[in-house]
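Visitor: Here is what each chain is made of, one letter per residue.
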Amino acid sequence: MNGDERGTDRRRRFATLCETLRPDLLRFAFWLGRDRQLAEDVVQEALLRAWKSFDALTEAGKAKSWLLTIVRREFARSFERKRLEVTDLDALVAAEADVLAAEDDAGLTEMREALFRLDDEYREPLVLQVMMGYSTKEIADQMGLQQGAVLTRLFRARARLRQELGITVEPSS
Amino acid sequence: MNCLEFRRQIGAEPSASGAGIEAHRAECPVCARYQDELRAMDALIGRALAVDAARIRKPDTAIAPTEITARRPRWLALAASIVIGISVGLALWLSAPRPSLAREVIGHVAHEPDAMSGTAPITQATLAGVLDPEGTRLRPGLGDVTFAMRCVFEGHVVPHLVVRTARGPVTVLLLRHRSVSERVQVSEQGYTGIVLPAPRGSIAIVGRDLKDLDGIAQQVFEAVDWGN
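Line order of the protein sequences matches chains A and B. Residue numbering for the first sequence follows this note's numbering, starting at 1 and increasing by one per position. Residue numbering for the second sequence follows this note's numbering, starting at 1001 and increasing by one per position.
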C-alpha cells in the first residue's frame, strides 16, 4: 500500500468511525453539559483531536471508549477556555425538550429534572452505566477512579434521585 | 451476604446478579423488593436519558477527515447554523419518525457505496476471516459473497457482507450486540433496510431498487447459521 492509499484508507476508517459513533458521543456530551450546542461543539472539537491522533488507536474494539475519553477531556477544556454561563436548571428540561427522545409523561419529566439537577460527579457515571451500558470497571477506567469510588458515586446518584422523586431512600417494608 | 452488603451492591448496580444476590433475594423479600424498585427506576432513568442525537447533530457538519483541518469562521458557523436549523426543521416536518437502528444501518451502508459495486466472489478464507470470530457461518446456496469486512457499528465490530442473491445484491450486517423485538423497516437515501430479530441479536438486510426485499431478507435470514 503506497502513501496515498494509506491516507485514503485512514480517512475511510476514520469516517466510518465518526458515522457510527458520533450519535453516542453527542448523547454522552449532551448529558455532560446539558446543552445541545455545547455538545455539538465539544464533539466537533473532540473529533478533530481524534483525527490528529487516530494512529494511536490500535484496536478497533476500543474506539468508543477512546473517543469518549477525548470527549471528556474536550469538555473539561471547554470549561478552561471560558466561564460557562450559570444555568437555570429548572428551565433545562423545557429548553431541551425536543432533543430528549422518549415520549413525555409526568414521571419521565420529573426524572429528567432530577437528572439535570444531579451533580456532575454523580450524573456522569450514571450516564455511562445506564445509557452507555458500561461496567463499573469500565467507568472507573474512563473516569480515572478506583472501582470502589465509582460504586459509591453510583449508589449516591440513585439515592439522590430517589430522594428527589420523593421515594424513601431505605427499602420499603 | 447480609442486607447491608446487598443494598450497597444493588444501590450501585441494580442489574447485578449472581449466586450471593439470588440467595439473599430468596431469603429477604424486603431487599428483593428494593432491588425490583431500583431496577424499575433504572428503566425510567434509561428512558429519561434517551436523546435523539439527530436533533443535536447538524447534518451538513458531519465530520469528514478532509474537512476538519481548520475551524470555520464564527460568523460562517452562525450563518450555517441558521440554514441548518431551517433545513433540520423542514426535514423533521417532512419526515415521519423512523426507527434509529435501521437508519444507522442505512447510514453505514450508504457510507460505503463501493462495497456494493464488486461482482467477483471473495475467497472462502476471506469470508471465514470475517465470520469465524463470531462463530457464524453462511450456508451455501444463497449467492456469491462479493464483499466481507469487519466494521465498527455502534461501537461494536460486526460482520458486513454483500451477497449477490438471485434476486439482486444486498448488504447484510450481523448485529449480535443489538436485539430487536420485532421487524423494523426504513427507506432512506434510496436504500431500503430491514432489521429482523435473530437468534443472536439481530440481522440487517439493506438493498436498493429491489422488488422483493422482504423475500430476500427471509432467504438471507435462513442462510445464516449463528452457531452456539
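Keep in mind that the hints were calculated from the coordinates and are not lab data. All C-beta atoms, glycine included, are put in the ideal place defined by N, C-alpha and C. There could be a bad hint or two in this list.
[Claimed, not checked] Derived coverage of chain B by chain A (criterion: at least 3 residues anywhere in the stretch with Cβ under 8 Å from a Cβ of chain A; other residues may be distant): (1) 1005–1014; (2) 1032–1041; (3) 1140–1154; (4) 1168–1174; (5) 1213–1220.
[What the hints assert, rightly or not] Label pairs and their computed distance ranges (CB to CB): (6) Lys-137/A / Gly-1215/B: 41 to 47 Å; (7) Thr-8/A / Gly-1129/B: 17 to 23 Å; (8) Asp-119/A / Ser-1015/B: 50 to 56 Å; (9) Gly-166/A / Arg-1137/B: 21 to 27 Å; (10) Thr-8/A / Arg-1150/B: 36 to 42 Å.
Visitor: A separate judgement is required for each hint: does it hold in the structure or not?
Guide: So, going through the hints one by one against the coordinates:
| no. | hint | verdict |
| --- | --- | --- |
| 1 | 1005–1014 | holds (count 7) |
| 2 | 1032–1041 | holds (count 5) |
| 3 | 1140–1154 | holds (count 5) |
| 4 | 1168–1174 | violated (count 0) |
| 5 | 1213–1220 | violated (count 0) |
| 6 | Lys-137/A / Gly-1215/B: 41 to 47 Å | holds, 45 Å |
| 7 | Thr-8/A / Gly-1129/B: 17 to 23 Å | holds, 22 Å |
| 8 | Asp-119/A / Ser-1015/B: 50 to 56 Å | violated, 23 Å |
| 9 | Gly-166/A / Arg-1137/B: 21 to 27 Å | violated, 54 Å |
| 10 | Thr-8/A / Arg-1150/B: 36 to 42 Å | violated, 19 Å |
Comparing the model with each numbered hint stated earlier shows that hints 4, 5, 8, 9 and 10 do not hold.
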